[in-house]
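Asker: Listed below, chain by chain, are the residues.
There are 2 protein chains.
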Amino acid sequence: MDRLTAMEMFVRVVSAKSFSAAARQLGVSKSVVSKAVAELEDRLRAQLLNRTTRQMSLTEVGQAYYDRCVAILDQVSETEQIVTSGSRCPRGLLRVSAPMTFSVLNLGWPLSDFMEQYPELSLELTLNDRVVDIVEEGFDLAIRISRRLKDSNLIGVKLSSARTVTCASPKYLEQFGEPQHPRELLKHHCLRYSNLGPAQEWSFRDPETGDPIQVAVSGRIIANNGEVLRAAAVKGDGIIAGPSFLAAEDIRQGRLVPILKEYAAPPFGIYAVYPPNRHVSAKVRRLVDFLKGLWGENPPWEEACDVC
Amino acid sequence: MDRLTAMEMFVRVVSAKSFSAAARQLGVSKSVVSKAVAELEDRLRAQLLNRTTRQMSLTEVGQAYYDRCVAILDQVSETEQIVTSGSRCPRGLLRVSAPMTFSVLNLGWPLSDFMEQYPELSLELTLNDRVVDIVEEGFDLAIRISRRLKDSNLIGVKLSSARTVTCASPKYLEQFGEPQHPRELLKHHCLRYSNLGPAQEWSFRDPETGDPIQVAVSGRIIANNGEVLRAAAVKGDGIIAGPSFLAAEDIRQGRLVPILKEYAAPPFGIYAVYPPNRHVSAKVRRLVDFLKGLWGENPPWEEACDVC
DNA sequence: ATTGCCGTTGCGCATTGCGCGCCGGTCGGC
DNA sequence: GCCGACCGGCGCGCAATGCGCAACGGCAAT
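Going down the list, the sequences are from chains A and B.
In terms of the numbering used here, the first sequence opens at residue 1 and continues consecutively.
In terms of the numbering used here, the second sequence opens at residue 1 and continues consecutively.
Check the hints yourself; a few may be wrong.
Put simply, identical chains are the same to the list, so a pair is met inside one copy or across any two.
What the hints assert, rightly or not - Cross-link-like lysine to any residue pairs, in silico, SDA-like; alpha carbons within 25 Å at most:
(1) K35 - S87
(2) K30 - D2
(3) K17 - T84
(4) K35 - S77
(5) K35 - V280
(6) K30 - M1
For the record, the hints were derived by calculation from the structure and aren't laboratory data.
Start from the sequences and build out the full structure, keeping to the hints where you can.
Answerer: Here's what the structure looks like:
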């Protein structure tokens, strides 16, 4: 018999001053209550209750045990309360890993709104363009931007999508001409992003055959930060192939002009990724839901790129 | 699965940082440990542990739960310690009911010795010649002096025996003559004890046939206290038929002389009586053992009466 | 004397308990 | 780079414990 259940039954018996009444209150047969108390007494090798047929009284050890049982049961229920509450209402610390550029542009204000909803929640947002080991480093959630989730033992939820937009400033295009085919990029100044690995190949797709086109571009500027490259592109330093969310505002304002639009590679996904735990905490679930509702399949950055 | 056992397993897993190690330490199969933790997580609807194949880490709620589990388990084991210790070593309050006269004469010093052995024990000795309801009034133990224990739902242990000794002072016998047969008591001043009920019959036994002889004695002094009657007898006020332990010292000193010795009724028992609990506490067990060893079947009062 | 309620106990049945063995996966040693 | 050891999880078969039901003895009130 479960020891805590036996304690609960014993406490009930004492407070009800009756085995039968306790059994009724607990919704079990009285034999269960009787056996529970007898089992406690056997384990403790002590008499807890003096049974007269007509009434019962606590022995001295029974009284001491009763007091402590009440304390223990209180503590247990308080503990379960605290722990269980975390599965209903977001609370505690939420550790999120997210890519740098995307988050700076799109995650700041929304997260602030999210946090306002849950006063008991703390957020630790770690911006990093590395692919972090989410469980090893103790993150609750990561936001990944990639064409395909390869880490199969993680749960990935698609939040939205984006695509790579190739563009340059009007001034640059005026000066160097607008390429009409990806291969022409070889003769252009391309602003390269170093985080994707040493091999700097830009991906396109043939609009007729659908075949991928890889172009090993070159250029004098390489950075591991999209914002820097974007600023360089706006300034007219070269052509940038960056995510739509990075270029959207500049395109909307006319500072950058999309090129090679018909050769655009398929869009990639923006995912929320978390460990495949059987019990997803409320804080993670709520944040994922929040992010899903935030952008959907027609996020603002895509809209901005479409209208061009 | 027992909730406390599951907590213990969880705590073990955390401290060992491994399910397998915890299982080995606890002497169970690892599937049990795995299921115990999984069951905890299911009940709490929360993830307690982040499992990587190679190592595991506590989640935030897991850490909080772990801390509280340790506290709860400490409290439980401390409680069991305290309660169980009472079944090994006498402690707490020992409530004893005992007859007045016998205890004043024979229980004082021995009980003092007994108490010296157990510093953690307290004694509440209630002297009373009533037949108390031992469980109703909350006594741990009662000492009963009677020919036969009739309260069958109590456990009775024979500690020793005594008998009724009929005697008078030499001066009384000189003045009124020594009766040679119980029936002659009808013509004597008999000092009567009122606690045995309204019918005042003294019991004897025919030494040849073994038949009981009942004599409805009379006399001008009735008391519910043996000491008073003994004092009266010593003073020469009449014949007393009292327990051997009451008269022993006076007989030894010659202040009282036994009479009608061959008509003496069979001895009666001195019993320790306690409720028929399945778990007899150490304090009761030890006191019973102590009292049994104290007198045995040849108590000092019997010796004193035999030599006469 | 009878009735009703008490706590306990035996019984039958269903549930859960356990250990065992296997699986996918990861890491260390050679 | 490959193999073996170990990890945690899971399904299986068997045994143990769980439960409710009903009967029992005891006691108090009627």
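Asker: Decide, hint by hint, whether the structure agrees.
Answerer: Hint check:
1. K35 - S87: Close across copies (20 Å), not inside one copy (35 Å); limit 25 Å.
2. K30 - D2: Answer is both; intra-copy 16 Å and inter-copy 20 Å each pass.
3. K17 - T84: This pair counts as between: shortest inter-copy Cα distance 24 Å, intra-copy 32 Å.
4. K35 - S77: both (23 Å within a copy, 22 Å between copies)
5. K35 - V280: between (38 Å within a copy, 18 Å between copies)
6. K30 - M1: Both: 14 Å inside a copy, 22 Å across copies.
Hint compliance for this structure: no hint is broken.
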